[in-house]
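Chemist: Sequence:
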Amino acid sequence: TFDLGLIHDLKLFVTVKVPIKHANEPSQEELDSLANLRTKVESSLRTIGVHPVPLTAVGYIRTMNTMLNWGPEASWRTDGCDW
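FYI, the numbering for the sequence shown is 51 to 133, going by my numbering.
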């Protein structure tokens, strides 16, 4: 098939929700476990040919704004991120 020269910008967001024992701050053991999980997920994505890029706080807010806020005065239209 032909794509007529169209450019596709496909993004895949992988998130996890991990319970921690204390609501305020994770323990060092929990942080180590999360770092290990992140390494495994990034390695798996590279293995299947995906180039993972960690999302910063600014990138997360911009991404969520562009997906959810489509109003004519949306801040992402003027790149207005206060972070």
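Treat the hints as calculated values from the structure; they're not laboratory data.
All C-beta atoms, glycine included, are put in the ideal place defined by N, C-alpha and C.
Any given hint could turn out to be false.
Across the chosen pairs, the derived CB separations fall in these ranges [unchecked claim]:
1. Leu60 <-> Asn86: 22 to 32 Å
2. Leu118 <-> Glu92: 41 to 51 Å
3. Leu81 <-> Gly109: 13 to 23 Å
4. Ser83 <-> Glu123: 36 to 46 Å
5. Ala85 <-> Arg127: 17 to 27 Å
6. Arg127 <-> Glu80: 14 to 24 Å
7. Pro122 <-> Pro69: 16 to 26 Å
8. Ala107 <-> Ala73: 33 to 43 Å
9. Ala107 <-> Leu60: 29 to 39 Å
10. Leu81 <-> Gly55: 14 to 24 Å
11. Val108 <-> Leu87: 42 to 52 Å
12. Ser83 <-> Arg127: 17 to 27 Å
13. Arg96 <-> Ala73: 29 to 39 Å
Chemist: So which of those numbered hints doesn't the model satisfy?
Modeler: 2, 5, 6, 7, 8, 9, 10, 11, 12
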